[in-house]
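Enquirer: Here is what each chain is made of, one letter per residue.
2 protein chains.
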Amino acid sequence: MTHWDEDKRARPLVGQYIETLKPYVPGKPIEELRRERGIQGEILKLASNENPLGPSPLALEAARAALLEGHLYPDGAAFVLRNRLSEYLGVDMARIVSGNGSNELLELIVRTFATSADHAIVSEHSFIVYRIILKSMNVPFTVVPAAADMGHDLVAMARAARSNTRLVFVANPNNPTGTYNGRAELEAMLSILAERPDPPLVVMDEAYFEFADAEDYPDSSRYQGLYPRIVALRTFSKCYGMASFRVGYAVATEEVAGYLHRVRAPFNTNRIGQLAAAAAVDDEDFLRRTLELNRVERARVSAALSDMGLEVVPTQANFVLCRTPLLASDLYDKLLDRGIIVRPLDGYALDHHVRISFGTPPQNNRLIEALREVLSP
Amino acid sequence: MTHWDEDKRARPLVGQYIETLKPYVPGKPIEELRRERGIQGEILKLASNENPLGPSPLALEAARAALLEGHLYPDGAAFVLRNRLSEYLGVDMARIVSGNGSNELLELIVRTFATSADHAIVSEHSFIVYRIILKSMNVPFTVVPAAADMGHDLVAMARAARSNTRLVFVANPNNPTGTYNGRAELEAMLSILAERPDPPLVVMDEAYFEFADAEDYPDSSRYQGLYPRIVALRTFSKCYGMASFRVGYAVATEEVAGYLHRVRAPFNTNRIGQLAAAAAVDDEDFLRRTLELNRVERARVSAALSDMGLEVVPTQANFVLCRTPLLASDLYDKLLDRGIIVRPLDGYALDHHVRISFGTPPQNNRLIEALREVLSP
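Note that the protein sequences, when read in sequence, are chains A and B.
Going by the numbering used here, 377 is the number at position 377 of the first sequence; the sequence numbering is gapless.
Going by the numbering used here, 370 is the number at position 370 of the second sequence; the sequence numbering is gapless.
Check the hints yourself; a few may be wrong.
Heads up, the list lumps identical chains together, so a pair's fine if it works in one copy or across two of them.
[Claimed, not checked] Derived lysine to aspartate or glutamate pairs resembling DMTMM-like cross-links, with alpha carbons at most 25 Å apart:
hint, residue 1, residue 2
1, K8, D346
2, K135, D118
3, K28, D92
4, K8, D118
5, K8, D337
6, K135, E124
7, K22, E124
8, K8, E195
9, K8, E254
10, K334, D346
11, K135, D346
12, K334, E61
13, K22, E255
14, K22, E254
In short, the hints are calculated from the structure, not lab data.
One chain only, chain A, in its complex shape:
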């Protein structure tokens, strides 16, 4: 008979870095709000930067066809998807790695290129997942204070590099601020880093790439000639409306991509997502409609929020960060009562900020009206 005595255990089950890890808190799912508050009417979720037009129709068509062969393993090499992306981006297939959302690629990059003896750099107010992943793998990191616009200060980040800095994370545009860094600033950062004996890998998280239209917005998939240790991360979750499928990709040098391929799980990207994403690349009409809607509504909603007296951070993404006179958690709660889910940023130590995704014009009107009610004295 097996004898188990918990009190005799000499060592805790996990290290302190995992014991104290606080997981990511996602936007509240619609079903959860309905269960919790018994809300009857239509619930409006503007909390996860999802595409208000739904998924790409060409992606859906390809997904339906793929279901019929649902019993087959994915192609481990994701040939169809990487081949299509290779043509679309004009980049050799060997330089592309697909992942289970760009989130998996972030994890894979940390696992592949850093250990607990190394060091990483992130920015204040940047996507919190970088810090969670680094902590979960016990990689120490420095948080560099944000610039005056709440975005990244790339030169300060470059100057914070130490002899063992292996990774620098840049979200461009950044989530949750919507801010961006231009070409000149990116190049200044890379110039400083290139002088180091061991230049760190610069991870450019471009989940909102397609929404950015600033004239000097840099495409980091074009910078490998200048600075070989730069990786661009993209996703099908946002502009192609495919968050449920979990498909992201990395563009890097063949060397960096080769190591990621070596370490990734053999079937890390599901087959339905691979084939749907490959079809989405051809859905130019859907992408055009998505970007046009966002361009118009971004300007209109930002102006309406400003008119209400909220401090709005200028955004290059499909969401906006604003500072409210109420506590973020209070504003969030009052909007929940009205069936609207936004994202309070207490988790980012921004107690008076909420992030709001842009919806369709009627959805945005409903949000603006609800906000007027909630904020009226």
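Given the coordinates of chain A, assemble chain B onto it according to the supplied hints.
Expert: Coordinates of chain B only, in the frame set by chain A:
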């Protein structure tokens, strides 16, 4: 202008453990064989233990409905799936963790519970992915020689534990051998391990659980009372025909599951897979047909291969391992010419062994005929 001098680099991009890592080689995809050899007729793939009946019809129906909300993020908590599994298994939801295939759960377990200062134990001839993951995370491991039947020697594995052994991997039934370990042997192993000051986590990979019908085959999701540090891993890839969806799950104590939830990515399981898998649990008819087909064909194909003079390893899974007089790579190649893909096991240091998945009766007849041709003197 940025200046990049590759020769000045003081340190290689990755550690030696990644530089020397050999990734998993999956079964050859059908499309790849067609591209490579220009084969016109129907290609028969018996190389990845996929379900010859295709995907569960109830899963497909749920997947089609889920596609319409393809733009939404998955529920990070996978409520619908874990709730359904909780009822089905009679296990509290807090003890269940879903993953991007059970492969992701293997990675997650190593990341969560081991570091490069620890140690792991695997068996000779066991699923090679354990070793690849351990090596990719620089966790040292011991390979314990197999038992006489080519399966795991659980008592020898328990005796190989060191003071820093944190993980023991057991595949039951094992891939690629099809062998299994019975209740008495599992309990003997757990008794030895429970006496250690730091009993390791025993990872029971039960990807082929449903196919096993030996009377003394143990259900490791029932052993947490006896030995709290045991985890059962299951998958929807095989018996529900859902390999393309990437959904697996772990059953553990609430404590162990809690740490895995803490470390996993927020959206690690795609939404289509979550909802399709939840529906598959109800597809009793499909599961029954799958298991019945396998039971009959397992006996018939095993007998036919024996009759041909091949040494067949008795199997509890949906595939069979056999030793051939030809080199495995030669037999594989000759079958490829006939449009049939099997799995040569040179990668497992079994140069004369191939693994063959069971198909439908006509598929198995085609395989048997082709083998007769290839092996005839």
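Enquirer: Run every hint past the structure and note whether it holds.
Expert: Hint-by-hint comparison with the structure:
For a Cα distance limit of 25 Å, the shortest separation of K8 from D346 qualifies neither inside one copy, at 40 Å, nor across copies, at 44 Å. Taking the closest pair of Cα atoms, K135 and D118 come within 25 Å of each other both inside a single copy (12 Å) and across two copies (19 Å). Proximity of K28 and D92 under a CA criterion of 25 Å is satisfied inter-copy only: 23 Å between copies versus 39 Å inside one chain copy. In this assembly of identical chains, K8 and D118 lie within 25 Å of each other by CA distance solely across copies; the values are 20 Å between and 34 Å within a copy.
Taking CA atoms no more than 25 Å apart as the test, K8 paired with D337 passes in neither setting, with 50 Å inside one copy and 60 Å between copies. Only within a single protomer do K135 and E124 lie at most 25 Å apart by alpha-carbon distance; the minimum there is 16 Å, versus 34 Å between protomers. For a Cα distance limit of 25 Å, the shortest separation of K22 from E124 inside one copy, 17 Å, qualifies, whereas the shortest one across copies, 38 Å, does not. For a Cα distance limit of 25 Å, the shortest separation of K8 from E195 across copies, 10 Å, qualifies, whereas the shortest one inside one copy, 53 Å, does not.
In this assembly of identical chains, K8 and E254 lie within 25 Å of each other by CA distance solely across copies; the values are 20 Å between and 50 Å within a copy. In this homomeric assembly, K334 and D346 come within 25 Å of each other (Cα to Cα) only inside a single copy, at 16 Å, whereas the closest approach across copies is 63 Å. For the identical chains of this complex, K135 and D346 are intra-copy neighbours only, at 19 Å inside a copy versus 39 Å across copies, given an alpha-carbon limit of 25 Å. With identical chains, the CA atoms of K334 and E61 are never at most 25 Å apart, being 39 Å at best within one copy and 38 Å at best between copies.
In this assembly of identical chains, the alpha carbons of K22 and E255 lie at most 25 Å apart only when taken from different copies (15 Å versus 33 Å within one copy). In the homo-oligomer, the alpha carbons of K22 and E254 lie at most 25 Å apart only across protomers (17 Å), although the nearest pairing inside one protomer, at 35 Å, exceeds that limit.
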